[in-house]
Amino acid sequence: MTAAKFRPSKVILYFVLVLIALVCLIPFAWMISASLKLNKDVFAFPIQWIPQNPRFQNYGDIWEQIPLGKFIFNTTKITVIVTFLQLLTSSFAAYAFAKLRFKGKNVLFISYVCTIAVPWQAYMVPQFIMMRNTFHLNDTHLAIICLQAFSAFGVFLMRQFYMDVPDELCEAARIDGMNEYQIWAKIMLPLSKPALATLTIFTFVATWNDFLGPLIYLTTTEKKTIQIGLRMFISQYSSEYGLIFAASVVVLIPVLIVFLLLQKYFVQGIATSGLKG
Amino acid sequence: MTAAAVPVKKVSLKKRKILDNLTAYSFIAPNFIGFAVFTLVPIVMAVGLSFMEWNGSGVQSPKYIGLGNYAHLFRDGQFIEAFFNTIIYTAATVPFTMFLALLLAIVLNQKIFARSFFRTVSFFPYVASLVAVAAVWNALFSPTAGPVNQILMSLGVKNPPGWAADVHWAMVTLILFSIWKNVGYYMVMYLAGLQSINPELYEAASLDGANTVQKFFQITIPQLGHTTFLVMIMVTIQCFKVYDIVLMITNGGPGTKTQVLVFYIYNVAFNNWDLGYASAISMVLFVLVLVVTLVMFRRERTMSN
Numbered sequence: 001m002t003a004a005k006f007r008p009s010k011v012i013l014y015f016v017l018v019l020i021a022l023v024c025l026i027p028f029a030w031m032i033s034a035s036l037k038l039n040k041d042v043f044a045f046p047i048q049w050i051p052q053n054p055r056f057q058n059y060g061d062i063w064e065q066i067p068l069g070k071f072i073f074n075t076t077k078i079t080v081i082v083t084f085l086q087l088l089t090s091s092f093a094a095y096a097f098a099k100l101r102f103k104g105k106n107v108l109f110i111s112y113v114c115t116i117a118v119p120w121q122a123y124m125v126p127q128f129i130m131m132r133n134t135f136h137l138n139d140t141h142l143a144i145i146c147l148q149a150f151s152a153f154g155v156f157l158m159r160q161f162y163m164d165v166p167d168e169l170c171e172a173a174r175i176d177g178m179n180e181y182q183i184w185a186k187i188m189l190p191l192s193k194p195a196l197a198t199l200t201i202f203t204f205v206a207t208w209n210d211f212l213g214p215l216i217y218l219t220t221t222e223k224k225t226i227q228i229g230l231r232m233f234i235s236q237y238s239s240e241y242g243l244i245f246a247a248s249v250v251v252l253i254p255v256l257i258v259f260l261l262l263q264k265y266f267v268q269g270i271a272t273s274g275l276k277g
Numbered sequence: 001m002t003a004a005a006v007p008v009k010k011v012s013l014k015k016r017k018i019l020d021n022l023t024a025y026s027f028i029a030p031n032f033i034g035f036a037v038f039t040l041v042p043i044v045m046a047v048g049l050s051f052m053e054w055n056g057s058g059v060q061s062p063k064y065i066g067l068g069n070y071a072h073l074f075r076d077g078q079f080i081e082a083f084f085n086t087i088i089y090t091a092a093t094v095p096f097t098m099f100l101a102l103l104l105a106i107v108l109n110q111k112i113f114a115r116s117f118f119r120t121v122s123f124f125p126y127v128a129s130l131v132a133v134a135a136v137w138n139a140l141f142s143p144t145a146g147p148v149n150q151i152l153m154s155l156g157v158k159n160p161p162g163w164a165a166d167v168h169w170a171m172v173t174l175i176l177f178s179i180w181k182n183v184g185y186y187m188v189m190y191l192a193g194l195q196s197i198n199p200e201l202y203e204a205a206s207l208d209g210a211n212t213v214q215k216f217f218q219i220t221i222p223q224l225g226h227t228t229f230l231v232m233i234m235v236t237i238q239c240f241k242v243y244d245i246v247l248m249i250t251n252g253g254p255g256t257k258t259q260v261l262v263f264y265i266y267n268v269a270f271n272n273w274d275l276g277y278a279s280a281i282s283m284v285l286f287v288l289v290l291v292v293t294l295v296m297f298r299r300e301r302t303m304s305n
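Line by line, the protein sequences are chains A and B. The opening residue of the first sequence carries number 1 in the numbering used here; numbering runs sequentially from there. The opening residue of the second sequence carries number 1 in the numbering used here; numbering runs sequentially from there.
Calculated from the structure, these hints are not laboratory results. Hints are not guaranteed to be accurate.
Here's a subset of chain B near chain A, in silico, CB distances under 8 Å, partners left out [what the hints assert, rightly or not]:
1) Thr23
2) Phe32
3) Gly34
4) Val41
5) Ile43
6) Leu49
7) Ala92
8) Ser122
9) Phe124
10) Ser129
11) Ala135
12) Leu140
13) Pro143
14) Gln150
15) Phe270
16) Phe286
If you're wondering where the values come from, they're calculated on a predicted model, not measured in any experiment. Quick reminder that beta carbons are idealized off the backbone N, C-alpha and C, glycines included.
Construct the entire structure; sequences and hints are all you get.
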């Protein structure tokens with residue numbers, strides 16, 4: 001861009017951009033800054049963005065005050081299992097819906113599509129009662145896994161993607177003597193990497209950040225997930241600001257890493273789920 | 001010979017068809033069984049429970065009371081308040097979120113310096129853990145010591161609002177937070193919509209002498225029709241089922257000033273153990289979502305015809 005092309009509209013544009021960036025980032029900057037302060041300095045005004053004597057020990061103390069390691073382990077365990085099950089069962093079912101002909105296909109698919117519009121909050125109560133009374137799964141991680149791992153959304157997303165894969169590819173493989181399971185494993189899965197990445201990121205973020213599910217199901221402290229644990233910590237130590245924000249920063253990091261690594265797919269995923277929805 | 005061969009072939013064809021069906025079912029079964037047990041069954045149970053009275057214990061069985069729960073809805077002041085709070089929250093959040101998401105998408109679709117950085121940044125609040133950012137938000141907007149009110153006071157505002165603790169401002173605080181947290185997601189949807197517009201449309205308009213404003217209203221807005229419709233549905237549904245934001249920012253207060261439907265469902269179900277009544281409120285939530293979805297789908301259809 002040359003100086004001759006300078007236009008006042010560009011100035012406004014960049015002014016808006018900087019404003020957006022500030023509004024989005026300031027809370028995070030303040031959080032990091034507060035996590036390195038003593039309680040009495042957190043609300044000092046004017047705001048001291050870079051603490052004079054940063055208290056890195058806040059980041060050490062939180063691990064002793066609450067079982068943060070245990071919470072992170074629980075959440076990681078649940079998130080990894082849910083994401084794995086979601087990817088496997090969704091892509092498996094989606095293959096049948098996209099590429100196979102069978103009896104009852106439409107009825108089954110419609111039953112998936114219809115439930116996408118039913119908010120989970122509308123059936124969370126009977127779901128909990130069923131888990132508790134019939135399966136005796138209350139206060140277990142298995143309950144959280146069961147209710148997160150088989151979403152209609154995953155099947156829908158993968159099916160949309162498989163529909164765009166040409167049928168001739170499957171036909172050719174069948175003629176070569178592959179059975180359907182081999183076609184799924186050797187042709188469809190490798191082709192659907194972008195869709196799998198999208199579903200991974202959606203499931204990962206949703207499960208990692210889920211609050212209401214674990215809140216209803218998990219009552220024992222050692223079994224709690226990071227979100228519930230952090231919330232518990234915040235209500236117990238409501239004035240320990242330095243510690244609260246140090247713990248918050250720790251909780252944010254894993255999701256931000258996953259997001260930054262896979263953000264290309266995330267954006268693509270929202271785009272495809274929106275445009276084809 | 002031929003007469004004997006035909007039935008044999010028929011049987012094998014039939015067998016093949018059954019085998020094909022079984023193969024397909026084996027693909028669907030792992031997901032569908034989980035989906036049926038943990039989603040479909042509870043949905044049916046929710047409908048059934050809304051006609052019952054039950055505290056959920058294994059000892060006492062549910063008692064059928066017909067429309068009793070639904071009749072109670074109309075006499076329950078807390079439900080009516082929660083219902084209207086949900087409507088107010090949705091009515092305010094949806095237009096602002098949509099407008100800002102579109103504005104953000106247009107700005108971030110320009111040829112600008114460090115574009116992917118700005119896109120990533122505007123998406124941060126959406127992926128960040130709600131518990132963590134709500135804690136920061138509560139501190140920033142704390143009525144007495146919070147930096148926001150400190151700044152307002154240093155700018156000469158004598159009585160800055162009490163935000164989440166203030167009867168008049170609690171709902172506003174909730175709405176502001178909700179917009180800030182979620183706008184990035186819908187921005188990305190708009191961005192995808194903008195990028196799918198055929199650039200030739202703009203070139204042709206330029207040749208016809210259209211200016212930027214004309215191009216925006218004559219091309220961008222109409223071409224984004226489908227995206228706008230989807231964003232509207234998604235924001236609306238997301239607003240109807242809000243719970244955790246309310247819990248963390250206002251806890252339904254002050255009093256019950258910001259209690260919303262799901263918040264009330266949770267209390268009725270898991271604090272009062274009145275499961276039948278909680279299911280009846282759930283049905284209201286479900287119908288609300290259903291009506292909005294159907295109305296918008298019909299509008300979308302008539303508009304595209």
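*Grab the minimum C-beta distance from Phe32/B to chain A and call the hint holds if it beats 8 Å, violated otherwise.*
At about 6 Å, which falls below the 8 Å cut-off, the nearest Cβ of chain A leaves the hint on Phe32/B intact, so it holds.
inquiry  = For the restraint on Ile43/B, tell me whether the closest CB of chain A is nearer than 8 Å.
reply    = Since chain A brings a Cβ to about 5 Å from Ile43/B, closer than 8 Å, the hint holds.
Less than 8 Å between beta-carbons is the criterion; does Phe286/B satisfy it with respect to chain A?
Result: holds, 4 Å to nearest chain A Cβ.
Fill in: Phe124/B as chain A interface residue, shortest Cβ-Cβ below 8 Å
Given a least distance of 6 Å, the restraint on Phe124/B holds.
Discussion item. Is the interface hint satisfied for Gly34/B? The criterion is a beta-carbon contact with chain A at less than 8 Å.
Written reply: Nearest chain A Cβ about 3 Å off; hint holds.
For this session: Have a go at the Ser129/B hint: is there a Cβ in chain A nearer than 8 Å to its own Cβ?
Result: With a minimum Cβ separation of about 5 Å from chain A (threshold 8 Å), the hint on Ser129/B holds.
### Message
For the restraint on Ala92/B, tell me whether the closest CB of chain A is nearer than 8 Å.
### Response
At about 18 Å, which exceeds the 8 Å cut-off, the nearest Cβ of chain A leaves the hint on Ala92/B violated.
> Does the interface hint hold: is Gln150/B within less than 8 Å of chain A, judged Cβ to Cβ?
Replying inline: This interface hint holds because 4 Å falls under the 8 Å limit.
Going by Cβ atoms only, is Leu49/B closer than 8 Å to chain A? 6 Å, holds
Self-check item: Hint status (Cβ of Thr23/B to nearest Cβ of chain A, threshold 8 Å)
Solution: 5 Å, holds
Worksheet item: With 8 Å as the cut and Cβ atoms as the points, is Phe270/B at the interface with chain A?
Response: 7 Å, holds
_Take the shortest C-beta to C-beta distance between Ser122/B and chain A; is it under 8 Å?_
5 Å, holds
When each numbered hint is compared with the structure, violations occur for hints 7 and 13.
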